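Each chain, written out:
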Amino acid sequence: MRIMGDTQYDQLSDTIGKMKRAAIDCWMADQSFHPTPANDMIYAKWGWMLNFYNRPDANGNGGGDGNGVKDSVAAEFEEIRVAIDGVVGRWLALPDGAECETPQTAVSSTGSILGSSVAGATAPGGADIGTPNGTVHETVVNSIEGSFTAPFLDKYYTQFSKVSHGLGEACVILEANYLAEMRMWPAARTDVAAICESAKNRWAQKADDAAQANGTLMLTVVAAVAGAVASVVTAGAGTVAAVAALGSVAAIANTAVQGIAAEAVVSGNTYGDILGSLSDALGTLNDALEAQERALDTAMSDAIGTIRGDLPSYNLDAFSLDTYTTGTGTMTLTQTHADIVSNNMARIDSALAEAYAGLGSAPSSNPTVRNASIGLGANGTHASASELYALTAQCLSLTTAEYARGHGLFDATVDDYFTSDASAAQTVARLRADEALTAELGV
Amino acid sequence: MTATLESRHLGPIDLDGGSGGGAMDGAVPFAGHSLPVRIEIDYPDRFGDAILNDIDMVLDRLDFVDGLARDTIAEGMRRDASAPAQLYQAWQRKGAGREDATAEFLGGLRPTRIVVLPDGGRSNPDRVVMTYGLADGSVTGAVTVRFLEPTGPELAPAPRAGF
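Keeping their order, the protein sequence lines are chains V and F. With the first sequence counted from 1, adding 701 to any position gets you my numbering. With the second sequence counted from 1, adding 935 to any position gets you my numbering.
Derived from the structure by calculation, the hints contain no laboratory data. Careful: at least some of the hints might be erroneous.
[Said to hold, decoys possible] What the simulated footprint calls covered on chain F by chain V, stretch by stretch (three residues with Cβ under 8 angstroms from a Cβ of chain V suffice, anywhere in the stretch; the number is not a length):
| id | region |
| --- | --- |
| 1 | 980 to 993 |
| 2 | 1005 to 1017 |
| 3 | 1064 to 1076 |
[Claimed, not checked] Computed Cβ-Cβ distance ranges for the label pairs, DEER-style:
| id | chain 1 | residue 1 | chain 2 | residue 2 | range |
| --- | --- | --- | --- | --- | --- |
| 4 | V | V966 | F | R1057 | 20 to 26 angstroms |
| 5 | V | V966 | F | M1012 | 49 to 55 angstroms |
| 6 | F | R973 | V | D909 | 27 to 33 angstroms |
| 7 | V | G977 | F | A1016 | 45 to 51 angstroms |
| 8 | F | D1061 | V | D909 | 14 to 20 angstroms |
| 9 | V | N970 | F | R943 | 29 to 35 angstroms |
| 10 | F | G1097 | V | V966 | 27 to 33 angstroms |
Source: prediction; values computed, not measured. The beta carbon of each residue, even a glycine, is placed where N, CA and C say it ideally should be.
Sequences and hints are given; from them, build the entire structure.
Structure (structure tokens):
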């Protein structure tokens, strides 16, 4: 994909050279030296007097020797070049965000399966989980009687729905991060190129004494990131945010990002004023980048804290099954209904396995490497994104295994009911013991 | 302080005028005559060595400035409406006579005044204004050459009523 504005950014090195020459022209004009009509590689006092200095080439290199009050202003020219490099240099080699596409796709796909943005109004989770989960609930409630049904439904329907939503919402927050980063850097490149171009033009126009309104630039990075976060976070708000604590974390992040207003102004009438305003404009851009990354980072840190503080809502393995009896109570069920429940639980097993496999793991290194002074530092949001990613993946892994145990427990209970032999009862007892064990999170 | 500054050509600088600007009149020898010089300073509070140096630079190289002015006048002769072309016509009417006496006319022009305005900046782009008249006094009237920053010399328009 060709990213808009990239061409101009790719030419930033050339632009910087032209900025240097325009800045030197402006500085010389500040002292009433101008390129002469007869030879535009020479600055003459007032544009026509005998005193002159050599002009740098089109890329701002060289120049400065002459016969004005001083023999040479080459050192002053070099100071200007160094000053511009000092302001613009760190903006070279910005990331393009492309490396965020793979994790963004992964978390989006897993989030969809678990029930994030594609969740229906009534179905808990996406179609892959919501529909079979609803069928399990309906069948057990309407067609199966027995004391085991209450704890079974409590854990493997009600709590599982919550966990599925919660993990889906964690994926939404991760997706907001990766999508925002994916959109942020091409937009930042566009903004850097536009700010530099504006400064170059301002220097050139001031050297030519052209009247020039202040160059007010609306930073494209603000709208790009706000749009990306809103598109992900608000898509699932109607269903997910209402049921999961992480919904409010995502909403806060969305509000924070929406609230970042940034316009950069390049102004000034002398070389020094314009250089200062260039530095300020790039500083404003950096403030916007930092505020955006901070909002994303805060959302992910808050999500990590929320999950760790309420593990049973995000990890089915951490939720204990209530008293589960089979042999003593009265049970009524048919093989057909038992098959319906088991088949639908198998569908959920598959969906969870697919969601976990699709999620994979976070990028091993920061996908948006940049100068340490830009945005939230050299690592950006990578550390918190990686931690949330690993936590979500581990919770999903444990939930997948726990749901499979629940499925096995249901099958064994049914088997025990229909065969009433000792081995079936032992199977139920073993699975209940397995269910009671809680794995260490490990992340 | 301006009082301590001394021009190589004009001696100690003593500006008259107030906050709106300052000026000083003097004279320098040029081409065998005394040429009246006026300096006009837009920002007396910023007047210093750099500005003084710009003034002396002009007075150091009056021959160069005069040469540029004469080239500009000669160029202007090609346009009938220009001040030198009209002064030439008036001079011819006074009986100079010959069909093409351009060279003689130009040779008869002598600078009568120079004004140096070193610090007018963007708002007042005249840096030097040089005025020429006919040395023989046959026709009164002047041709004025303005040296603008950054575009260089150009002729001031002829008077509406002619010479």
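Hints, verified against the model:
no. : hint                                 : verdict
1   : 980 to 993                           : holds (count 5)
2   : 1005 to 1017                         : violated (count 0)
3   : 1064 to 1076                         : violated (count 0)
4   : V:V966 / F:R1057: 20 to 26 angstroms : 22 angstroms, holds
5   : V:V966 / F:M1012: 49 to 55 angstroms : 50 angstroms, holds
6   : F:R973 / V:D909: 27 to 33 angstroms  : 30 angstroms, holds
7   : V:G977 / F:A1016: 45 to 51 angstroms : 48 angstroms, holds
8   : F:D1061 / V:D909: 14 to 20 angstroms : 18 angstroms, holds
9   : V:N970 / F:R943: 29 to 35 angstroms  : 33 angstroms, holds
10  : F:G1097 / V:V966: 27 to 33 angstroms : 53 angstroms, violated
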